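S.K.: Modelling step: build the complete structure from the supplied sequences, incorporating the hints.
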Amino acid sequence: MQSLRWKIAGHALALLATVLLGGLLSATLVRLAPGFDVDERELDPHLNAQSVQALRDARHQDHNVFRFYFSYMKRAAHGELGTSLALGQPVRTLLRDRAPLTLRLLVMGLGLAWMLTLTLALSAAWLRLSVYDTLTTVVSGTFLCIPAAVLALLSVLWNVPGSLAIALIVFPHTYRYARNLLVKAYSRPHIITARAKGLGEARILFWHVVPVVTPQLLAVAGVSVSMAIGAAIPVEALCGLAGIGQLAWQAALARDLPLLVNITILVTLVTLLANSGADVIGCVARRQEA
Amino acid sequence: MSLWRKLAGVVLGLVLCASVAANWLAPAGYARQYREATNAPPSRTHWLGTDEIGRDRFARVLYGTRISLLLAPAAALLSTLMAAFVGGLAGYLGGAWARMAMAVTDLFLSLPWLFLLITARALMPLNVSPLVSVLVTFLLLGLLGWTTAARVLCATAGSLRTSDFVRQARAAGLPGQRLFWVHVMPNVKPVLYAQFWISIPVFILSEANLGILGLGVAEPMPSWGSLLKELEGLVSVGEEPWKFVPLILLVVVVTSFQLLLSKQEEVAA
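Residue numbers (this note's numbering), protein chains in the order written: chain B, 1 to 290; chain E, 1 to 269.
Treat the hints as calculated values from the structure; they're not laboratory data.
Zero decoy hints are in this set.
For the chain B half of the interface with chain E, some residues (derived, Cβ under 8 Å), not all of them:
no. : residue
1   : Ser-26
2   : Thr-142
3   : Met-227
4   : Pro-234
Stretches of chain E that chain B covers, calculated by requiring three or more beta carbons in the stretch to come under 8 Å of a beta carbon on chain B:
no. : segment
5   : 105-118
6   : 249-259
Since this is a predicted model, take the numbers as computed values, not measurements.
C-beta atoms are modelled at their ideal positions from N, C-alpha and C, and glycine is treated no differently.
M.R.: Next comes the structure, spelled out in structure tokens:
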């Protein structure tokens, strides 16, 4: 129990450090990007010299990336995430408005991907037919060779939901691992013996296979969250879905520093939480099995 | 070598030869506009039709394939060298160096690959000449794609550091630098080769993703990404099926790489 607590504390510390570093990295990248200090409002002929100077002064604090980041963190601690330069709206409002759609898309996409993964991987391990195995491998391999953005475009073309596109982007990656794990688990000597003795398939699966593969499958599940977030960007951008993915794309194109830093921190946080959560649950599962 | 792997090798060889011979197969070039035949269907003069400004699609596919097939290995080489330097050195030195290097790789790996790529590419100059845009795109792939390989190499070099022959060489008084270059690096070569080959299809697909999102190679230079962007304007699949040729070619090439690399992936793991 003590070691588990240490593990959780270690994960939390690593998570905090990585999130902070991730935010600093994105702030530095934006600061170094060409065209960073350009504001088209300065070209407005209605503004006099003082107004233009006031605009420049307002951006002045962003010049030093560390100062910008420190003041950003101070404000973020009080729930103030700044205002988007490109969209002119508070970042908090933008994230709050768009998060539900992305969350729905990710949950449905991941759910579908894992349903497909487990169905095909389990049937491949159960049936042990080379024809079936080749067929499923070819299907997943084909999807693996199609760029995520093309799948997003095809989903628009065929009028299918974006969550299905996310599922088809994530599925080939998860299927490869899940299939290998399950086939390996089913070829263990004690499972072969259990099958030979006529033990029911359901009992073999839940009593002998699931405990063995759960920790690794959980690790893959953690990684699949990161894949789904990555897939959400082209899917939302190309399908016209107003979620966080589309916002990230817009922020990157517009070099919107406050928005980009917040999205990077959010994405890093979600990815690391998913991975750490999977790792801790996997650790508990291994403990129970032992 | 299995039949499938042989076939994959032949297909890749043919595609590479056709793309290298683009100057002879499509002498008019990828930027020539046939203004009298815009959006034309396939014909004897234009095997895959023309695009909306009258450029020959077959020529663009050949030249685009050449760019992707020649520059993706270059980016893969860069990322492998970076991974060898960071991962190999960190694994060999061990201790705080390894922890520090792995913390940096963890930071990169904590961000989804496509998100990192889009963010970094968008921050690079976008209004540049086509040639510079090609170089920037593939350079970025090389500079950001080293992290996974570095992790594998760090683990491999770390296990070599504690191996008997390295310990013996160290005890015999061999200098650290010589030990690293003569004894450690040659032993991580198979992993390096595997990582290099694995990175190529990943970079080809990444470039295609960037191109479709408008962050890849700039016009009029063709690439698989910019060619696939044409699919955006389609209303139905059956309408202009020849527009799917670049996608089919991309899938065939990446599948051929996957088939050829099935052994390499085992080495990399």
